[in-house]
Each structure stands twice: as structure tokens, then as C-alpha cells.
Amino acid sequence: MTTAATAVQDPRLPGGETAPAASARQLTKAYGAGETRVTALDSVDVDIQRGRFTAIMGPSGSGKSTLMHCLAGLDTVSSGRIFVGDTEITGLKDRQLTRLRRDKIGFIFQAFNLLPTLSALENITLPMDIAGRRPDRAWLDQVVATVGLADRLKHRPTQLSGGQQQRVAVARALAARPEIIFGDEPTGNLDSRSGAEVLTFLRRSVDELGQTIVMVTHDPVAASYADRVLFLADGVIVDEMHAPTADSVLERMRRFDGKRTS
Amino acid sequence: MLLKTSLRSFLAHKGRMALSLIAVVLSVAFVSGTLVFSNTATSTFDKLFASTASDVSVRPHSDDTADRQVGGKVGTVPVQTVQKVSGLPGVKSAVGEVLVSSAVLVDPATNKTVGPTSGAPTLTGSWVETPRKSLEITSGRAPQGSGQVLLDSDTAKKAGLRLDSPLRLITATGSYDLKISGIATFRTTNPGAALAFLDTPTAQRLLLDSTAYTSVEVFGDGSRSNDELRTEAATAVGTGFDLKTAAEQKAENAKSVGSFLDFMKYAMLGFAGISLLVGGFLIINTFSMLVAQRTREIGLLRAIGGSRGQVNGSVLVEALILAVLGSTLGLFGGIGLAVLLIQLMSAVGMNLTSAALEIGASVPIASYTVGIVITLVAAFIPARRAGKISPMSALRDHGTPTEARANRIRAAAGLVLTAGGAGLLVAAAQAGKAATGGAFLGLGVVLTLIGFVVIGPLLATGLIRVLGAVLPALFGPSGRLAQRNAMRNPRRTGATAAALMIGLALVIGASVFTSSMVSSTNAQIDKSVGADYVVQGNQNGLTPAMVSAAKSAKGLAHLTEQKQLAATLTLPDGSTSKTQLAAVSPTFVDDFRLPVKAGSATTITGGGISVDEDFATRHHLSVGDRLTADYGQGHTQSLVLGLITAKGNSFSDGNLFIGLDTVAKAVPAAELPQDAALFGKAEAGADKARTLDALQTALKAYPQLTVQDQAGYKKIVQDQINTLLYMVYGLLLLAIVVAVLGVVNTLALSVVERTREIGLLRAIGLSRRQLRRMIRLESVVIAVFGALLGTGLGLAWGITAQRVLVDKGLSTLAIPTEKIVVILLASAVIGLLAALLPAFRAGRMNVLAAIATD
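Residue numbers (the numbering used here), protein chains in the order written: chain A, -1 to 260; chain B, 35 to 888.
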């Protein structure tokens, strides 16, 4: 709570490490109108710190995915402002949003991350291809080595295991050096071992490559890899936790359940 | 339960079904339209003939000799015949009539011929009152005296002629300036001819140059049957006449109209056939995609106990719903099409009434049969595939499993068919006889076509890899994605491209054939024709007045006359052959360089006769053999075979030449037919263009004649061939329209299938523009792939056809390179157009919704 409050008082620190990679101010997202109006996000203020691994948790319907989609420029907002780096993205046209996603944002989805017609390497370099940029060879090699895919680059997605596919998706997100990577339950479809592998890579990319990552998850173990966990309920950030462990997150989540049943 | 599932599924996919539905509707509409049209036309003409034919018609006896001569004498019935039959018991009245097709009507104001241009005859005759007349005078009066003529209203309207307008009549005896005394309107349907009437004495004088009739029409009083009347009349008039009852006349007339209607019918059924064939691919693709999309659903159905047959059946029931709906719409569409055709016919001059549409039971029966059979056959393959889906698929994430074994079988079958077809084409090209070559060609075309359809999906992978290699370089990521997408489902790409391939193969085959025909004919004109000018009449030939007018033109070195003469040849082995002889003036050998196989061309003018190589081979003739020609009317002549012309020349093939002087020794000049054509040569040193002008001016009074120099003659030939080609193009435009629907269909379904992929691409930064470009390029790749296959097939077909007919006058091969390039470019444009809607829809997709799609 305190951190969030501080952030509101000091929204846009000029330059340096302290400027957030992404932030939202009074972000409200509602569906429908009148009687049937459903508020998914209710005046949310949030800052995503650069070079940190942030997890967003919350029960189903809490608005965690919506928050991520809005921050990533995939969804429109009802009111409020969103910044990615120095750019305010609220009010941008589709073309500008697309360009922003292409150049500044990386994505890892729960499933169906890869184009079946392209090889692993082609999938990894796709965002740069689309932008018409040449990939930085040394960086690409480093990323590929980090996720351990050097011998799988020529394979098509169908020839890779689920874990390998997600690692390719991570590599794709990293390769273009985006300002921020958003993961939507990136380990949701994996068994715990493959999931742990992918999460380790995400952790390492933050520690070793200085990447900023935001991940939506409902798995306390996954959240424990993050530096900071934001808890959402009914469209509002209700709590946050630094240096979380699986147990502490699980404990916090139980309280939601308790609250709900009471 | 099964029906309910199928119905729900059909309704759920109505958008997807719509394009297949269009294909079914189009095909069925052509079938039903054709039937309604020809039924209506046939019944209208039956009614017309039934209401106007006399009970018994007496005409001069004719063997087919007269029909084969151009500008021959018209046979007549003596005036006394009327008296002979009118007194017979049961005869109410007998009327002598004159009616000939040899006269030409000209509007003096414009010096243009009046009458149909569509090949229907201009009939001129005597105006006589009979109990059954097809025309009634609606303004003015019946013609009286030598200066008056009555014209039918349709012709008058088309030529802009009114009461009292001048009208010139040109007959074998001369040109006559007349005035229109009256206009007559058809009581029933106008079959398309132009009709002009004079009073009987004038008609006899101007048209026949003798006091006689061309027929005597007998009307009974009802006490005897027509057959009895005919028998009695036959005894009364004696020999030398043909007597026909009303029923026989009707049958005869129906036959002549029928040949035109048959042509229309086959052309339309051709449309139907092509749209069915191409539409079949569209239906196969639609159902294949529906089955592929529903793999999990079908797997689930199987897992909970649905049998293979039930799954198979449910797809077929869906196809049946489509078929019934499509056939019903097609049936009504066809009736609309028939009405349209009837309107079109009346614009040409054949006034059918759409008020009396003859539909009959055959139309719905044929429509539903065609629609249902084709749809079920096309849906059978996807249905069988659906039946094979294992219950396990319900649990697996769906994806298209590669079917290595099926591919090997497909490759083998396709290769065998294509190789067999290609072998036949090669054999056809080398066959000595055109007939065997033609059979090989036909079979080769069918086999290569099927072979290409079967092997298409395999070619798709290879060819598109090569073809698409330039795409990533040219269009970046959109290009690469498009190329991969086009390759990812080769069977679908193959079937989509096949639809386009068929149409284009036919277009290109026909183009190669016709352009070879044009250039072969041109080459032959250059090689064999020495004459500078050609004068041709219509089917009536040239009167002596015209010939002498032509001769008066300044600057002509000579004018060669050619008559078409019917004759029966008795050959050395005793067999006889009914044929036509081309009787020519001595200067003919200067005008045409006949290709010599054996003998010498000069023998033609020296009392000999020439035959073509095929005729000589067929009848085992050699130079020096003696033949006897029977010209009819007891005129015979013994002739020496002096020349056998080499085959492969369109001027001498099928022609037997003889000297006009030679014929004149056996047949009196008065009995010879008019000239069929004139060939002229300019004097040495004369200005050829000015001489052409002089010749045209000399013949100005006869607008029915065509006067051409060599270039003009070539152009006429070319125009005739091109007319043929345009009809083929019209036919194929439809095939291409259906093929485009197929491409739209495939792309639209692919876009739906790839919703998540598109969502992902958009999420990671593919712009709308890039996305649309990706879809457009995929479409272009498929279209160009189909066009390339079609071009390959079409070229092979066209070249083989030329080789087969090399001895039949198609001596030079001409490949219309420009046309082919245009067609390939057009196919790319077709691809772009087909992608418009699918690309627009893909661009409009909501990114989040697309990602979230299961």
C-alpha cells in the first residue's frame, strides 16, 4: 500500500533507473452501460518498475488479465491514462499502438504462442522481421543460449514439446529487447517441471539481461519467482508483496477465498 | 437427431455455405434455364408450324443436288398443277405460291442490305390469300402490279423503312426499284427471317423468270385425312414432285430451326458443365474445411458412441440440405435465365413470348438430380474423411496430421495419369491420321486434366516454394507468412487452384489453337493465293450482271470465275461418289498455286479434273485414271485425273477442280449455276489500291457482295476465327467467376481457421496493412499457381491439337505469348480481387477476441 501511495505522489520521476517501465493512472475499464455495467478495473494506479519481475495475482474475474491487456495496449480503457516508457498510449490510434507493441513490448501467452508455419528461429525473429529490423546477432545468440534452444532452431513448433514451445516464446519476447514483456499465464499449460524451467529463464532474463517483466498468474509458485506481487480483487489493487515466497502468496490468496465465503 | 445436428451445423455455418451455394445455384440455373428455354422455343415453333402449314404441299422434286449448288436454278411447279389438284374430292382450295431465298433486298437510301444478319434467310415470294397465313397486313395494302412490295413489320422496323419507302430487289434477272405498299405483322412467332411479297405475276417474272410456282398448297375440307389427300394428289400431278403433309412439313421446319436451338442448348449445357466441374471443387473445399474445423467436435461425437457411418452421414445430410436449397434456387434462377434468353432472342429477331413459358416436369427433375448428385459426390470425400476421425482426436489439440501414405498413393496415381495423358498427347502429335490423333488428343486432355487435379496438391508444395521464394525478399514478413500459408495445406491450395486451372487451361488451349489457325491461314493465303482480289456473294452467288459489272472495273488483268457444281463421279473401280466440283476459268491457275502431289495443275484447264490427296487415297486413284461425271439432267462427261493436290492446304483440301470450259461442253450454259466467287488480278504496274477501289465502285449497286483484297480477305478469316474464340471466352469467364468464388471461399475459411494466429500476429506488432498484404499475397500465390498449371496444360493441349491437325490446314504453330502474359497477370489481379473481402475481415478482427478464441 505504501509503495503505491508513494508512487502516486511522485508519478513521473525524470530519467534514470527509477522511472517506471509502465504505469497507469486512474485506470478504469468498464463493459456495458447502465444497469448491466460491469467495472473490470476501478481507478487503478500502478507503476511497473524497470528491470524488475512483477506478478499480478487475483481470483478469477478480479481484472488481472484486463489490467495486463490495457497496460500492453491490447485493450482500450474507459478512462484514465497509461504510459509505456515515456509514451502515453491512451488515445493512440491502432497503427501507433501496433507499432508500440512491435517495438517496445514482448508477449508470452498461455498457449498458441507460435506460428506453425515458421521454424523456431523464424518465430523468434518475427517481431523484428515485421518491424524490418535486423536482429542483433550476438544478442540473439545469447538469448537462444540462455533459453537452451540452440539445437532446436530449425524445428517447427509441432516438433517441439509444450515446454520448448514456451521457451521459444520467451526467446521471441526477449530477442527484440522490448522495454517490457507481458506474460499471460505463461506456464498455465505446462507441467510443473517445464513451468519451473520457463520461470527460471524469465527470472534469469531479469537478473542477467535487465529485462522488465509483468506476469499474470494464479499459481503462487509461479508468483514466487517475481520480485513483487500485486493482488487484485474486484478491479482494485488491494495488496502487494515484495520478495514473495510460494507460501506467503498462497496464504494471501487464501484470505481472498475466506473473504469470499464469509 | 442426426438431421437436427446437421441442420444446426448447416445454419451455424451459413456464411461459409453461401459460396458453395452460389456454385450449386449457378450450375443448376444453367441446366434448368437451358431446358426451359428450349422447351419454350420448341413448343412455340410447333404451334407456329401447326397453325400455318397447308394440309398438303406440292413442290418440285429435288434430290440434294440442288442444295449443294450455289446460285443454281430454282425448281418450279407448272401452273396447271393447281387445276389438277383443286378438283380432287376433299380439296377445299389449292393455291400456287412463289417463295425463294435467292433475292436480296436493298435500301436504296443507304445502299445497305435489308434483312437478318444472323444467317436467317431473306424470303421473297408472292402474296396470296390462303386459309392459314402467318402474316396479316397491319398497314397499307397488298402489293399490286410490278412496282409494289409488302414487307414484314419486324424487318421494316429494324431497317427503318415505312409505308411508301423505296426498296430495291436484286434477283438473278436484275435489280428492281419498288415501293412499300404495305406492312404485314406476324400473327405468331417470327422465326427470324425477313419476308417480302410481290403480287403473283410480278413474283413469277422477277423471281422465277417463268410463269410457274415454287409450290402448290392444298387445303382440305376436312372430309379426308391429309395422308389420303396426299395419295390422291400424287396420282393427279404425276411424277417429278414431292408431296408433303402438314405433319411432314412441320417436322422438316422443326429440323431447320432445331439445329440452331440445339446449338444454343449445347452451348448452355457447356456452361452448366463447366460451372458444375469448377463448383465441385468449391464444394469439396468447403466441406473439407468444415470437417477439419470440427475435428474435435466429431471426435467427441465418436467418443460418446457415434458410429463412423453416423458421422459420415451427418456430413452428407448437411450436403443434401445445401443441394436441395441450391437446386431450388437454381431452378428458379434458371427460369429467370430463360426469360432473359428469350428477350435476347427477340433482340436478334426471333420473337418468342416469355408469357408462354413451357416448364414441364423434366425441368425440376433435371435440376434436382444435377444439383443433388454433384453436391453429394463432391461432399463424399470430406464426409469419408470425417468418418475416419478417431475418437482420440477429441482429446488432442487439433492440427492437420500429415498423411504420408495417402500422399504417396496420390503421387503415384497422379503421376501415372499425367504420364499416361502426356504419352497420349505425344502419340496424338505423331499420329499419321487426324482421326486417331483426335481420339488420342481427347483422351490425353482428359487424363492430363485429372492427373493435374490429383497431383496438384503435391505440385503446390514444390511450385509454391519456388514461386514464393521471391515473396520474402519483395514483401518481407508478409511475403514469407503468405508463402508458408499457401503451402501449409497443399490439398486445399491444390483444389482451389484446380478450379482456376481448368478455366485457364481451356482459355490458353483455345488461344493457341485459334492463333495457330489464323497464322496458318495467313501463311497459306500468302503461299497459295496469287489473286489480288476476291469477290464473294452471299449463299446466292453472283448474277451475270454482277460478273459483267466486275469485269468493267479498270486495272484488272483478268477475272477468274468459280462455280460450285454438284456432280456424281463414277470411279475406275465402279463405285460412285456424290460430290461438288469447283469449276474455274483458265486463269485460275494464276490465281491459286495449288500444292501438287502428283500430276500438273495446268491439266485442270486442259480438260482434266483434280482431286485432293485424301480423296485419291480413299478411292485408290492415280493420275491418268478415267472418271465419269454425271451433272444430272442426263449430262455426263468422261474426265482424266490430271492432278492430285497435296494435303495440308485449306484451299485445295476437299476441293475437286475442273475447267469451266470442260463443264460447258457437257452442260448447256442456261443450266449452269451462277458464279460462287470471282478472283481478280491487277494489271502489271497497276496501282493495286486504286484497282480495288475501281472494283468496289463497279459493284457498288450490289451491297450483298464482299469485295476484298488479300489483306481484307485475311481479316475476314481472322474475324471468323475470333468470333469462335470470343464464344469460348464467354464460356470460360463463367468458369473463372466460379473459380474466384472458390479462392474467396478458401481464404475466408482460412482466415476464420487462423483467427488465433492472426490475433497473435497482431499482438506482436503486425500492422493491419501488413496483415491484409499477407492475405492478398497468399491469394495471389494460389491464383498464379493455378494459372501456371493451367498455362502448362493449355499449352500442351493447344500444341498437340496443332500437331494433330497439321495436315488439315493447321500447318503453323503460333503461341500467343502476349495473351498468355496478360492471362498470367490477370490471374494475379484475380487473386488480389478475391482477397479483398477476406483481408478486410481479417483486418477488422479484434486482437483480444482473436487471441481468446479457442
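No wet-lab data here; the hints were simulated from the structure.
Glycine included, each C-beta is placed from N, C-alpha and C at the ideal position.
Be careful, since some hints might not be right.
[To be verified] Which residues of chain A face chain B? A few of them, derived with a C-beta cut under 8 Å, are:
id, residue
1, L90
2, F107
3, Q157
4, L158
[As the list claims (entries may be wrong)] Label pairs and their calculated CB-CB ranges:
id, chain 1, residue 1, chain 2, residue 2, range
5, A, P114, B, A469, 50 to 58 Å
6, A, P114, B, A473, 42 to 50 Å
7, A, A148, B, K422, 36 to 44 Å
8, B, S341, A, T85, 44 to 52 Å
9, B, A473, A, D149, 21 to 29 Å
10, A, T85, B, A886, 56 to 64 Å
11, B, S341, A, R131, 53 to 61 Å
Outcome of the hint check:
1. L90: For L90 (chain A), the interface hint is violated, since the closest Cβ of chain B sits about 13 Å away, which is over 8 Å.
2. F107: Hint on F107 (chain A): holds, closest Cβ of chain B at ~7 Å, below 8 Å.
3. Q157: Hint on Q157 (chain A): violated, closest Cβ of chain B at ~12 Å, above 8 Å.
4. L158: Violated - the Cβ of L158 (chain A) stays beyond 8 Å from chain B, reaching only about 13 Å at its closest.
5. A:P114 <-> B:A469: 50 to 58 Å: holds, 54 Å
6. A:P114 <-> B:A473: 42 to 50 Å: holds, 48 Å
7. A:A148 <-> B:K422: 36 to 44 Å: holds, 40 Å
8. B:S341 <-> A:T85: 44 to 52 Å: Because 59 Å falls outside the window, the suggested range is violated.
9. B:A473 <-> A:D149: 21 to 29 Å: violated, 60 Å
10. A:T85 <-> B:A886: 56 to 64 Å: violated, 26 Å
11. B:S341 <-> A:R131: 53 to 61 Å: holds, 55 Å
The earlier numbered hints that this structure contradicts are 1, 3, 4, 8, 9, 10.
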